[in-house]
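For this one, chain A is given, so just place chains B and C on it according to the hints.
From first to last, the protein sequence lines are chains A, B and C.
Here the first sequence stands for residues 5 to 380, numbered as in the working numbering.
Here the second sequence stands for residues 5 to 380, numbered as in the working numbering.
Here the third sequence stands for residues 5 to 380, numbered as in the working numbering.
Just so you know, the hints here were simulated from the structure itself, not pulled from any lab data.
One thing to keep in mind: the hints can contain errors.
Note: identical chains are not told apart, hence a pair may lie in one copy or across any two.
Claimed, not checked - With a cut-off of at most 27 angstroms between alpha-carbon atoms, the simulated BS3-like pairs for lysine-lysine come out as follows:
(1) Lys122 x Lys152
(2) Lys204 x Lys53
(3) Lys269 x Lys152
(4) Lys53 x Lys269
(5) Lys218 x Lys122
(6) Lys152 x Lys218
(7) Lys122 x Lys204
(8) Lys57 x Lys122
(9) Lys152 x Lys57
(10) Lys204 x Lys269
Spelled out, the chains give:
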Amino acid sequence: MTETQSPEDATGVGVASGVVGQVERDLRRVGANPDYWYPVALSSQVRRKAAYKAVFGGERIALYRGESGEVFALEDRCAHRQVPLSMGVVEGDTLRCCYHAWAYRGNGRISQIPYLPKGVGRPPRGVRAYPVREAYGMVFVFPGDPAKAAVTALPDLPAYHSPRHRTMTFSRTVRCHYSFLHENLLDMNHQFLHRGVVGKLRPELLGYDTGAAKVEARYLFTHAGGKRNAGAGILSGEGIGGATADVMTIRTEYPYQTLDLVPEKADHPAFSLWAAYVPVDAEQRSCHVFGLLMIEKPRLPGALHLAWPLIRRFTERVFAEDRTAVEAEQAAWDEQGEDRNHEVFPLILDVRAVLRANGVPLAAAAPCGTAACPAP
Amino acid sequence: MTETQSPEDATGVGVASGVVGQVERDLRRVGANPDYWYPVALSSQVRRKAAYKAVFGGERIALYRGESGEVFALEDRCAHRQVPLSMGVVEGDTLRCCYHAWAYRGNGRISQIPYLPKGVGRPPRGVRAYPVREAYGMVFVFPGDPAKAAVTALPDLPAYHSPRHRTMTFSRTVRCHYSFLHENLLDMNHQFLHRGVVGKLRPELLGYDTGAAKVEARYLFTHAGGKRNAGAGILSGEGIGGATADVMTIRTEYPYQTLDLVPEKADHPAFSLWAAYVPVDAEQRSCHVFGLLMIEKPRLPGALHLAWPLIRRFTERVFAEDRTAVEAEQAAWDEQGEDRNHEVFPLILDVRAVLRANGVPLAAAAPCGTAACPAP
Amino acid sequence: MTETQSPEDATGVGVASGVVGQVERDLRRVGANPDYWYPVALSSQVRRKAAYKAVFGGERIALYRGESGEVFALEDRCAHRQVPLSMGVVEGDTLRCCYHAWAYRGNGRISQIPYLPKGVGRPPRGVRAYPVREAYGMVFVFPGDPAKAAVTALPDLPAYHSPRHRTMTFSRTVRCHYSFLHENLLDMNHQFLHRGVVGKLRPELLGYDTGAAKVEARYLFTHAGGKRNAGAGILSGEGIGGATADVMTIRTEYPYQTLDLVPEKADHPAFSLWAAYVPVDAEQRSCHVFGLLMIEKPRLPGALHLAWPLIRRFTERVFAEDRTAVEAEQAAWDEQGEDRNHEVFPLILDVRAVLRANGVPLAAAAPCGTAACPAP
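Okay, chain A solo, but in the shape it has when bound (with noise of 0.2 angstroms):
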């Protein structure tokens, strides 16, 4: 057992911030720091000469790609009136705006105005281009400073490559901010919410380390009786029905959140999780999970084959049990106008204080009456 001391707990105000004694910014206003990548579309979601629409944040995205295959990503609103570039057409590797047919090339610049009249105007030199990277079936853009997307890295999923490994790929928009999930997926005591799934199970926290942008929490999960999915029991390893004792770990390291489980006579994970929570609109009320659930191949050929369709079943129940949960905390949040949380875990504290630090601020609400926020 190591467990580290919270830093909220510590001084009240959480060290990881580096703030102490003032305070501390509600961590639902909190946006996702932009400096990362971020999936914002399955690969399969954008298909040769066609365009997508994405978003991050309030920002929307047109994804395309190119005759050459190459995925590109622009501001979603053409420079002329302002209409989604993803309503547009391919061609070559360039989009035409579906409208006035103004053509960009894929870093942004206008390649083409068909009918511009000479001498006239100074016609706008093109829109934004987003640094793009394809890998692990999903498209990956950079919404930042786009000078860091060079130095900072992608996940690195080597078990995604592994021939040993299937994995299965999810993608879900839920109606909260995405601390919710972090918190959500770090406090294992929340068994209870999946009884009717796991059975009863009983999660002993075994230890947790906090890092400037991260905590790892391991669980030691006993099975204590109660009926239990099918897709549970495989997952672990174990066969249907069977009793284990396995090690969870899971970690923030941010933006990001694994999970692995080794089962108790294992000495690596049965599987391991990744997921990413990219936030949808400007005031991030919302996000997409991407998540890439990758499972390991037990000895028998072809059986996780069969029991893919009950792992799938088991998974989305459970997922949809937690975005019940986390949809209603966000509610809360939205009648209260505040986190009103009485959170008594350091863990969580200490994930709290992580996603606080590493953040930014999210822009002011627009005031309403504006057009961001319309009379109905």
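Leaving out everything else, chains B and C in the frame of chain A:
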């Protein structure tokens, strides 16, 4: 004919409110006084060992019926992370939050946090509990000062328990301020609205009385032709198709409303209606109507049983027409931002003064752009 | 080729508006000038002895057709309790409110309050009435200063009554400021939007003229290949599948817009379109399009009758594409809170100046949290 003078008529500012020479508060911004017993659910909706989501003027209330059969009412937010307790699980006479399994007693105190680390935190003491009573097939709560609950009477409805009566129960949400419903019922000149159901009714005001917390109006109803709904005839004790001259007495006795109909040659009511209008949202622009229609059984055994569906259909239709009108009134108020009514009927001016004098100021509307008024 | 100089190009602030050196009002915050005749319903929608709910820029208008066949237009709120008069009942040439049966004459004066107590109250005199005219199968109202109605002409559309023409009528709500529609039609470089319907059309601007309240543009349309919709061919008088070089003349004559198409070898239009864009909501972020497409009958009797469904389908499809584009423009404006267009086409700069100069300031948006912008 005993008309008292209308207070508003005399002074222009409403004697009943005790405020002379001041600008009156817009009646649609006056909140229902919480220091009364309000029904918030039908008893049948709160099943044994189950929780139920209720509300009073924007305050969410978790009702639950324990193993003992007793009903409890708690603030509908777990003290931990504000998730609704109405999503929880009943154990004995306690309610356990669905998320991290914190358990509450019926008085709102936390009885258990299953995983609480030693020495950590001063966990919150609990949540608000509301006084509860069950009567007339409904669950009443006391949303105001709990100290006043014990000395505040539930409505007294002897007919509900009388073997000579049978009660029809109504439960409907209406998108308007409760005051529109008081005015609707008291001003019987609105029979034109129901011309398709009741035919041509001529209401004549016999007299009215106004007190500090009540207005009572007495009308003589004469049927002046036109097709009349069967349910209407049965209700006035005349048999289908007959003609009548009934006396109808309508009372606002703050905060409830009642209506008694005494048929032409009878000496007691053929039916009595009791209604409560319970605000739903914080701005009280919608309310939930709980109604009890207590109908005297005719001499012929079984006749009421046979007529029951006709009466139900008739009352539903009348209520639907009233709803259309009062919701149109609320919609006009929403557009205009204030009450621009030109009321000419003295007793309606009185009931407005009574509702204003006995109500409470509504909390200021949340400024937009805040959580309570999120940008769409 | 007769190009006048674009006023906005010359001064940067719009000569047409008569305001030099001042900050221009955002065009999307300029209201339609109410001192014109605007259609608010099709004649067929206002049936004899029935009322109809219409609107102009947030002002609700109750139309009704009396027993005499005449149409009247009243403010759509009973003076008593603000319930819509469009829910009322027509009696002779009066309109009776559905709720308490107050009756109104076509001039807005109250003709009867059935139950008014003697000596009580100074009942209101009535409600606002609008000048009304019926023409071209539509009901026009004059929402501005009634004194100007008599001296303001209805549009003059002789082709509507000519036996050599048949008229197709359009009535559609579009969720955008009316100015986007003026710009859409005048800038024929947007044919790319319709490439799936009209094939590859090359529009060449022949010239344009700008006046104080009008802009007229003349284009030569050459068909440069691609599949062309049958309805498009029929409309340009060529038979299905032919090639053309038509001259199209498009005019904004405040507040209306027209389009004439003269086929290659003809000396008069094959069809003329007249359109009015009537603001719906108070902020004028949506408008209702009333359009009349007056098509010359071909020499072959019955040919137009057979082609009618093809023409209808073609025009509906073109209109649906335009709607998609202009609604995307409005949505971008709503997000950005201001007009960030970079317009490069001189005649579009002109029509913007004309619409700005002839429009009126919009009432300030209601602050949120008020009734006009209620918290959800």
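task = Check Lys122 against Lys152 for me: Cα-Cα at most 27 angstroms, and say if that holds within a copy, between copies, both or neither.
result = Cα proximity of Lys122 and Lys152: none, with 40 angstroms in one copy and 44 angstroms across.
key: Homo-oligomer pair classification [Lys122, Lys218; C-alpha up to 27 angstroms]   = Between copies only: 24 angstroms across, 57 angstroms inside.
query = Between Lys152 and Lys218, at a C-alpha cutoff of 27 angstroms, which is it: within one copy, between copies, both, or neither?
reply = Answer is within; shortest intra-copy Cα gap is 20 angstroms, inter-copy 52 angstroms.
ask   = Quick one: Lys122 to Lys204, C-alpha cut-off 27 angstroms, is that within a copy, between copies, both, or neither?
value = between (75 angstroms within a copy, 23 angstroms between copies)
Up to 27 angstroms CA-CA - Lys269 versus Lys204, copy category = Cα proximity of Lys204 and Lys269: one copy only (21 angstroms, versus 69 angstroms across).
task = Tell me, please, which holds for Lys57 and Lys122 at an alpha-carbon limit of 27 angstroms: within, between, both or neither?
result = Classified as neither: same-chain Cα gap 34 angstroms, cross-chain 50 angstroms, threshold 27 angstroms.
message = Treating 27 angstroms as the Cα threshold, decide for Lys269 and Lys152: within, between, both or neither.
response = Close neither inside one copy (43 angstroms) nor across copies (63 angstroms); limit 27 angstroms.
ask   = 27 angstroms Cα cut-off: does Lys53 pair with Lys269 within a copy, between copies, both or neither?
value = Answer is neither: 50 angstroms inside a copy and 41 angstroms across each miss the 27 angstroms cutoff.
request  = First find the shortest C-alpha distance between Lys204 and Lys53 inside one copy, then the shortest across copies, and answer within, between, both or neither for a cut-off of 27 angstroms.
outcome  = For Lys204 and Lys53, only the inter-copy Cα distance (20 angstroms) is at most 27 angstroms; the intra-copy one is 50 angstroms.
inquiry  = I want to check one pair: Lys152 and Lys57. Are their C-alpha atoms no more than 27 angstroms apart within a copy, between two copies, both, or neither?
reply    = within (24 angstroms within a copy, 49 angstroms between copies)
Of the numbered hints given earlier, the model fails hints 1, 3, 4 and 8; all others are met.
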